[in-house]
Amino acid sequence: MNRKLKKTLGTLAFYVLLVIIVLYTVFPFYWAIVSSLKSGSELFKIEFWPSKPAWDNYLAVFRQQPFGRNILNSVFVASSTVILSLSLAVAAAYALGRINFTGRTPLLFTILGVSMFPQIAVLSGMFELVRALGLYNNLLALTLSYMIFTLPFTVWVLTTFMRELPKELEEAAVVDGAKPFTIVTKVFMPLMGPALATTGLLAFIAAWNEFLFALTFTLSGDMRTVPVAIALISGASSYELPWGNIMAASVIVTVPLIVLVLIFQRRIVSGLTAGAVKG
Amino acid sequence: MSTATVAVAAQLQEKPVKSRLTRQRIRYAWLFVTPMLVVLALVAGWPLFRTIWFSFTDANLSDLQVAEFVGFDNYVYLLSDPEWWNAVWNTVKFAAISVTLETILGLGIALALDAHFRGRGLLRAAVLIPWAIPTVVSAQMWGWMFHDVFGVINHMLMALHLISKPIAWTASPDTALVAVIIVDVWKTTPFMALLLLAGLQMLPGECYESAKVDGIHPFKVFWKITLPLLKPALMVAVIFRVLDAMRIFDLIYVMSGNNKDTMSMSVYSRQQLVDFQDVGYGSAAATLLFLIIAAFTVVYLTLSRVGRED
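Residue numbers (the numbering used here), protein chains in the order written: chain A, 1 to 279; chain B, 1001 to 1310.
So that you can see chain A by itself, here it is in the shape it has in the complex (with noise of 0.2 Å):
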């Protein structure tokens, strides 16, 4: 009997904690919603579930400021950023870890140790760069300059992916006479899909959370991306900010980040840990 009360005790406790877990991680966000739901004076009440909810922070968001033409900025800079380093990733990862060559190791380790870079430690030579190209106020200046913290990411997870693939798959191909060209397009593409999602997905977050880079090299208000324009959003004096229209901004930008990861929740995980654990 008492060890049966012991157990459901200790049962209950376990509850009782992940009751906290998920309410330390759930609630800033949930009063996130909450407060950008209140318009007016009811943003000064104390109210854990709006009791007169209202839209206006919402279209004051887009009125006040280019905040639609942001979102298209970060769609932008994020899709392209995707794109040009898993192109460049798959064909690197196809020779790194399937093609046995003098200077593999080297490079790998290269890769990885510009992945530790700290970005402020590139920013002066970057905005030089930048500036030479004519792509200040660009916003491809954003896309190449985020080839430093995307690239060695996906080369590092797609490098592991393709080694674990089996040897067969290749060795026809080649025996076939294909060329390596087609063997990365025709043979390893086509299984490569789940891989590319998640580390596509990674690098798209990687890219769209970016805020360094986009506040130095981008100064109009139409140029700048989602986190900038989040950071600055400023009200009629510097000291009153209007938080209704950031907190509506911030749910904005978050909710679909949240879908995408709840949908990709288990390969994001072995993403993550590939890129760092295994690594």
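Don't read these hints as lab results, they were simulated from the structure.
Virtual Cβ for every residue (Gly too), placed ideally from N, Cα, C.
Warning: the hint list may mix true and false statements.
Quick partial rundown of chain B residues pointing at chain A, CB under 8 Å, derived from the structure [what the hints assert, rightly or not]:
no., residue
1, Arg1020
2, Ala1029
3, Leu1040
4, Phe1072
5, Ala1132
6, Pro1134
7, Thr1135
8, Met1145
9, Val1152
10, His1155
11, Leu1157
12, Met1158
13, Leu1160
14, Lys1231
15, Ala1295
16, Leu1301
Beyond 12 Å from chain A on every Cβ pair, some chain B residues (computed) [claimed, not checked]:
no., residue
17, Ala1044
18, Trp1085
19, Met1141
Got chain A; can you put chain B on it based on the hints?
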């Protein structure tokens, strides 16, 4: 096709053909790696080289071409600047405290996720949410929650009678760094938990079964079996996070701008580089940060033993 395959496969065993094929494949390998390497050299190698070069000049952002070589002047000045040391100290405090808390909380969540219970998928999904939220957004969300007058955190703490009057979390020098650490711990604990969970799931099950048979207390099992076995994964995850924390920029910049109380090394460098237009001096600070991170990276690479299996 199959007979032809067998015939060619037999031919492949003969050396001359094989080496011609191998040589061809190596040529292709370099052909395939080159575009990636060119881009990496362009966006990483060259800018890094230029930053280090700028750090020995008096370059100004308005015109980078007229820079003059000044030797180690920038470094000498940097090492005597109390604001730089303040930024170093802030960064070290931030990295040490937040990574410690993330490791402890992350391990706790990983152990909970490793247990079998109903609703485990739900918990894992909930844990992923802070990770999915852009850093700038979490900084703003928490900035609102930390608001001195209308913030929900002060409201809850007052309701629980833990504090008697509202705290100006992000403005007061005593709490500004604490606030930043709280947000960083919230945001990155999930990443830590998932890395550690992956480590936990790779542990051999037999030890646990025999420990269970022997009736050893779960706490003892944790200290004597789980923790030692998990140590390699734990070390890699911790160093990974320390590297990340040392270069922290966006969270601190968005939450408290160029405030001295929270300024990290990255924020300091950017302020010199962009706001004060002093590219030479800012590059010296950035280069020092790079060297610190490089030292940590060497440790990381040694620990994770990359490529040794080849």
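Hints, one by one, checked against the model:
1. Arg1020: It is violated, given that the least Cβ distance between Arg1020(B) and chain A is near 12 Å, above 8 Å.
2. Ala1029: Constraint on Ala1029(B) satisfied, holds at 4 Å.
3. Leu1040: Since the shortest Cβ distance to chain A is 6 Å, the answer is holds.
4. Phe1072: Cβ of Phe1072(B) sits 18 Å from chain A, so the hint is violated.
5. Ala1132: holds (4 Å)
6. Pro1134: holds (4 Å)
7. Thr1135: Holds, because the Cβ-Cβ distance from Thr1135(B) to chain A comes to roughly 6 Å (cut-off 8 Å).
8. Met1145: holds (6 Å)
9. Val1152: For Val1152(B), the interface hint holds, since the closest Cβ of chain A sits about 6 Å away, which is under 8 Å.
10. His1155: Result: holds, 5 Å to nearest chain A Cβ.
11. Leu1157: violated (12 Å)
12. Met1158: Where the cut-off is 8 Å and the nearest Cβ of chain A is about 10 Å from Met1158(B), the hint is violated.
13. Leu1160: violated (13 Å)
14. Lys1231: violated (13 Å)
15. Ala1295: With a closest approach of 11 Å, the Ala1295(B) hint is violated.
16. Leu1301: holds (7 Å)
17. Ala1044: Nearest chain A Cβ is 5 Å from Ala1044(B), so the label is violated.
18. Trp1085: holds (17 Å)
19. Met1141: Answer for Met1141(B): violated, closest chain A Cβ roughly 5 Å.
Hint compliance for this structure: hints 1, 4, 11, 12, 13, 14, 15, 17 and 19 are not met, and every other hint is.
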